Amino acid sequence: MNTQQADSVLKVTGLSKSFGGLQAVSNLNFDVRRGELLALIGPNGAGKSTCFNMLMGQLKATQGDVFLRGEKITGMKPRKIWRKGVGRTFQITGTYQSMTVIENVQMALISHHKKLFSIRPYATRLYRTEAMQLLELVGMSAQAERACAILAYGDLKRLELAIALSHSPSLLLMDEPTAGMAPKERINLMQLTADIVEERDISVLFTEHDMDVVFAHAHRIMVLNRGELIANGTVEEIRSDPMVQEVYLGGGSVFANESSHA
Amino acid sequence: MGLFVAQLLTGLANAATLFLVASGLSLIFGVTRIVNFSHGSFYMLGAFVGYSLMQVLPGAIGFWSSVILSGLIVGVIGVIVEVLVLRPVYKAPELFQLVATFGVILVIQDLALMIWGAEDVLGPRAPGLKGIVRFMGEPIPKYDLALIAITPFVLFGLWYLLTKTRVGVLVRAATQDREMVAALGVNQSWLFTGVFFLGAALAGLGGAIQLPKGGADLLMDFNILAAIFVVVVIGGMGSLPGAYIAAVLISVLNVFGVAYIPQSTLVLMFVVMAVVLTIRPYGLLGREEVAGEHGQVGEPEKPIKPASGRARIVVGLLLLGLVCLPLLDSHFVLILATDIIIFCLFAASLHFLLGLGGLVSFGHAAYFGGGAYVAALLVTHANAPMELAFLMAPIGAGFAAVIIGWLCLRLTGVYFAMLTLALAQLLWSLVFQWDEFTGGDDGLVDIWPSAWLSEATTYFFFTVIIGVGGILLLRHVAHSPFGYALRASRDSNRQAEATGIDTKKIQWMAFTFAGAMAGVSGALFVFSKGSVFPNELEIAKSFDGIIVVFLGGVKTLSGGVVGAASLELVKDYLTRFEYWRLALGLLIIFVVIVAPHGIVGSIRRGYERLFSRSTTRVDGESS
Numbered sequence: 001m002n003t004q005q006a007d008s009v010l011k012v013t014g015l016s017k018s019f020g021g022l023q024a025v026s027n028l029n030f031d032v033r034r035g036e037l038l039a040l041i042g043p044n045g046a047g048k049s050t051c052f053n054m055l056m057g058q059l060k061a062t063q064g065d066v067f068l069r070g071e072k073i074t075g076m077k078p079r080k081i082w083r084k085g086v087g088r089t090f091q092i093t094g095t096y097q098s099m100t101v102i103e104n105v106q107m108a109l110i111s112h113h114k115k116l117f118s119i120r121p122y123a124t125r126l127y128r129t130e131a132m133q134l135l136e137l138v139g140m141s142a143q144a145e146r147a148c149a150i151l152a153y154g155d156l157k158r159l160e161l162a163i164a165l166s167h168s169p170s171l172l173l174m175d176e177p178t179a180g181m182a183p184k185e186r187i188n189l190m191q192l193t194a195d196i197v198e199e200r201d202i203s204v205l206f207t208e209h210d211m212d213v214v215f216a217h218a219h220r221i222m223v224l225n226r227g228e229l230i231a232n233g234t235v236e237e238i239r240s241d242p243m244v245q246e247v248y249l250g251g252g253s254v255f256a257n258e259s260s261h262a
Numbered sequence: 001m002g003l004f005v006a007q008l009l010t011g012l013a014n015a016a017t018l019f020l021v022a023s024g025l026s027l028i029f030g031v032t033r034i035v036n037f038s039h040g041s042f043y044m045l046g047a048f049v050g051y052s053l054m055q056v057l058p059g060a061i062g063f064w065s066s067v068i069l070s071g072l073i074v075g076v077i078g079v080i081v082e083v084l085v086l087r088p089v090y091k092a093p094e095l096f097q098l099v100a101t102f103g104v105i106l107v108i109q110d111l112a113l114m115i116w117g118a119e120d121v122l123g124p125r126a127p128g129l130k131g132i133v134r135f136m137g138e139p140i141p142k143y144d145l146a147l148i149a150i151t152p153f154v155l156f157g158l159w160y161l162l163t164k165t166r167v168g169v170l171v172r173a174a175t176q177d178r179e180m181v182a183a184l185g186v187n188q189s190w191l192f193t194g195v196f197f198l199g200a201a202l203a204g205l206g207g208a209i210q211l212p213k214g215g216a217d218l219l220m221d222f223n224i225l226a227a228i229f230v231v232v233v234i235g236g237m238g239s240l241p242g243a244y245i246a247a248v249l250i251s252v253l254n255v256f257g258v259a260y261i262p263q264s265t266l267v268l269m270f271v272v273m274a275v276v277l278t279i280r281p282y283g284l285l286g287r288e289e290v291a292g293e294h295g296q297v298g299e300p301e302k303p304i305k306p307a308s309g310r311a312r313i314v315v316g317l318l319l320l321g322l323v324c325l326p327l328l329d330s331h332f333v334l335i336l337a338t339d340i341i342i343f344c345l346f347a348a349s350l351h352f353l354l355g356l357g358g359l360v361s362f363g364h365a366a367y368f369g370g371g372a373y374v375a376a377l378l379v380t381h382a383n384a385p386m387e388l389a390f391l392m393a394p395i396g397a398g399f400a401a402v403i404i405g406w407l408c409l410r411l412t413g414v415y416f417a418m419l420t421l422a423l424a425q426l427l428w429s430l431v432f433q434w435d436e437f438t439g440g441d442d443g444l445v446d447i448w449p450s451a452w453l454s455e456a457t458t459y460f461f462f463t464v465i466i467g468v469g470g471i472l473l474l475r476h477v478a479h480s481p482f483g484y485a486l487r488a489s490r491d492s493n494r495q496a497e498a499t500g501i502d503t504k505k506i507q508w509m510a511f512t513f514a515g516a517m518a519g520v521s522g523a524l525f526v527f528s529k530g531s532v533f534p535n536e537l538e539i540a541k542s543f544d545g546i547i548v549v550f551l552g553g554v555k556t557l558s559g560g561v562v563g564a565a566s567l568e569l570v571k572d573y574l575t576r577f578e579y580w581r582l583a584l585g586l587l588i589i590f591v592v593i594v595a596p597h598g599i600v601g602s603i604r605r606g607y608e609r610l611f612s613r614s615t616t617r618v619d620g621e622s623s
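These protein sequences, in sequence, are chains A and B.
Position 57 of the first sequence, counting from 1, maps to 57 under this note's numbering, and the rest follow consecutively.
Position 379 of the second sequence, counting from 1, maps to 379 under this note's numbering, and the rest follow consecutively.
Among the hints, a few may not be true.
[As the list claims (entries may be wrong)] Simulated pairs of lysine to aspartate or glutamate, DMTMM-like, Cα-Cα distance not exceeding 25 Å: (1) A:K77 - A:D31; (2) B:K504 - A:E145; (3) B:K305 - A:D31; (4) B:K305 - A:E145; (5) A:K77 - B:D502; (6) A:K72 - B:D502.
[As the list claims (entries may be wrong)] Not the full set, but computed from the structure, chain B residues with beta-carbon under 7 Å of chain A: (7) G194; (8) P326; (9) D329; (10) D435.
[Said to hold, decoys possible] Which chain B residues stay away from chain A? Per the calculated CB distances, all over 10 Å, these: (11) L53; (12) R87; (13) L111; (14) P303; (15) P306; (16) L391; (17) F399; (18) S492; (19) I506; (20) A540.
Calculated directly from the structure, the hints in this document are not laboratory data.
These numbers come from a predicted model, not from an experiment.
Even glycine gets a Cβ: it sits at the ideal position worked out from N, Cα and C.
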């Protein structure tokens, strides 16, 4: 992957957030370039989720701006940002428990096609083919008719990915996409995501705690600590950055033993 | 000046009872999350028990020990209710328990009638505090002063109990996180029982202590219910000082209201509540309710499917049977069937909000009665033809729902429920007190359908077409993209908002739609009865709706209709007996215990347990 591509999809300038006296995020500046998988890492409480929630409109930034392909989206509601072609998945999945798997995807498609206020057709009959294609993409088509409430957690994560892809986003924000999954599942899901986004020319910004996942799939890594961006570079650069090792990884085995995760 | 102070003191004295009863309600809700409708009944029992005790125990010591004993006795009654009625249903979906407490209201009403009779009872005056004190020439009862002095001690005592003792710590911990407290090894069921004892005892105490001022009667339970809910909500759920401030605020304003703007008395507290909640959505001293990750407590409802061919045939046959009813040639049957269909449509419209939207409206009667009144007012004042009046009913009710929905949807959960209740009461008191326009208590009469519908049989067919049509429309909308978006907003508001769904707008539209459909049922009602009275707008009517939706099964599509039809039929039969409330109350409690998922929900579960061994089967509702 060519990380030199300067084509910026998302641009963040001077983004800050304080909760009372606590400076959760201060003066963030970065770009998400077209077609890249950009990882945002940092210890617990570093401000990753705060940053995500600001990008997606769930939280209001104290200062700074977010631009989507040059258009300012700071302060927009999540649903407006979604309409501009940004998809997101949550750290803790948010799915419609009373619906079937495929209906969860159909719901997003109904919203995308602006049929939310329609009362004539049966919702279950709308966009079934499209929904099924999305489920196939994430490997969930066999479970399409099951009740969402009985899915395993890993499958919920896949379903959420399908939902996030339903409006053909150009940018995907994934907050800890593999949290709560078994190690092998993690790599699989991230590989799947990497394949999909490459094929569909989607840029991805994701946070992640699992360094195996990050080092295996990220094209570029940013390190956040106490609300500040302390490093930003390729996987190799980050691995060898002494400051990152100190504040975040404490010089653990991930660095000593690079070959084990290739 | 003297008069002003005297009024202020009367208000403060009245606040004593209100605070005692409301603090009990607040405690029970805070810890058990049960909206205890029967709290007013505990209050009433306190008054009656206190009265009986005072007959036996003489003197000042007798009086005050009677008050305390009543509290203890009612506390024990609360424990009995908790253990027998509520324990079996703690696992049921949220708010289902309120149906059980509604059954308790009915049971206690008839028991009180059996024991103490229908006559109002005048409370004895407190020995030693019978006289008055003059303040700047104004008479102030000594007993009022005693009440004013006692209340802060009760508040302090409760505050001490909750903040300084181990039990209090447990209660507060349970209020915040029940599961965590259970995980730490605290026996939850005894904690709940204890809290019920305390809450009921406070209500009983409140009932006994107001005897010298108000006596005891059989209407006390419902009369205080709205007021204590208002106090709890204004003060902020779970906040005792808040409840005290709110009780004082409401009581004092009420006294001044009676004195200076007498026509405002019924509305006043609801106006105060609406204003407070608009400015401080979680009450004066309340904290924001932390919303759960998932929209519904307990097991999510099963996915729904459009009715299968077989289900359509069954419904078709039922309809055919309905249409054949006039062949029985019984006026009584036709009237009963008309009533049932109307009530079913009302319940279905509430179910749309409550079940699909997860929006618990405690004031749905506002749109039923609202629709009925719009039609009746048009006929009475504008001499409008029936057709026009009928058409305007849902529009008027929908208009009321647009405004009330907009105000209420800024809140969630119990606060939402309470604000819908308050605004519905506002409408009710408006109708009740605006004599020259609405006829007040005398209602509006002579509202008959046009000539072509004047035959009972024709009107019955009209009801079938409009009523059943309305129910089917509601059902179809549940399956439409709009219905799905409503369920999506309930299931995961976060995901819905993150995928372009304007959840507030969806809910607002749903609220309006449900209101308009309730308006249709109101219009059907008014032309079938020929009259309408304010009680079609009152709390009891709203509660009837909630009860049948839960009784039928809130997480099933047909729950509302099935619940309404069953209850209406049973009621029609039982009301022929003298103590029908007792029977109905016991029946409701029985159904609640054996069918904690509602009638339809529990039948479906039983059916599934019998016939589905394979786990891969897709679960869907088809009836």
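* Does L391 of chain B really sit off the interface, with its C-beta more than 10 Å from all C-beta atoms of chain A? -> holds, 20 Å
* CA of K77 of chain A to CA of D31 of chain A, is that 25 Å or under? -> Holds - the C-alpha atoms of D31 of chain A and K77 of chain A are around 21 Å apart, at most 25 Å.
* Closer than 7 Å between Cβ atoms is the bar; does D329 of chain B clear it against chain A? Give me holds or violated. => violated, 40 Å
* Asked: Do the numbers back the hint for P326 of chain B, that is, is its least Cβ distance to chain A under 7 Å?
  -> Violated. Min distance 33 Å.
* Confirm or reject the statement that S492 of chain B sits farther than 10 Å, beta carbon to beta carbon, from all of chain A. => violated, 4 Å
* Straight-line Cα separation of K305 of chain B and E145 of chain A no greater than 25 Å? -> Roughly 11 Å between the alpha carbons, so the hint for K305 of chain B and E145 of chain A holds.
* Asked: For the pair supplied as a hint, K305 of chain B and D31 of chain A, is the alpha-carbon distance within the 25 Å limit?
  -> Distance of about 45 Å is beyond 25 Å: violated.
* I506 of chain B non-interfacial with respect to chain A [C-beta, more than 10 Å] -> violated, 7 Å
* Should the label of A540 of chain B as a non-interface residue stand, given a Cβ cut-off of 10 Å to chain A? -> holds, 31 Å
* Closer than 7 Å between Cβ atoms is the bar; does G194 of chain B clear it against chain A? Give me holds or violated. => violated, 34 Å
* **Assertion that F399 of chain B lies outside the chain A interface [Cβ separation over 10 Å]** => holds, 19 Å
* Mind checking the CB of D435 of chain B against every CB in chain A and telling me if the closest is under 7 Å? => violated, 41 Å
Of the hints listed earlier, those the structure fails to meet are numbers 2, 3, 7, 8, 9, 10, 14, 15, 18, 19, in rising order.
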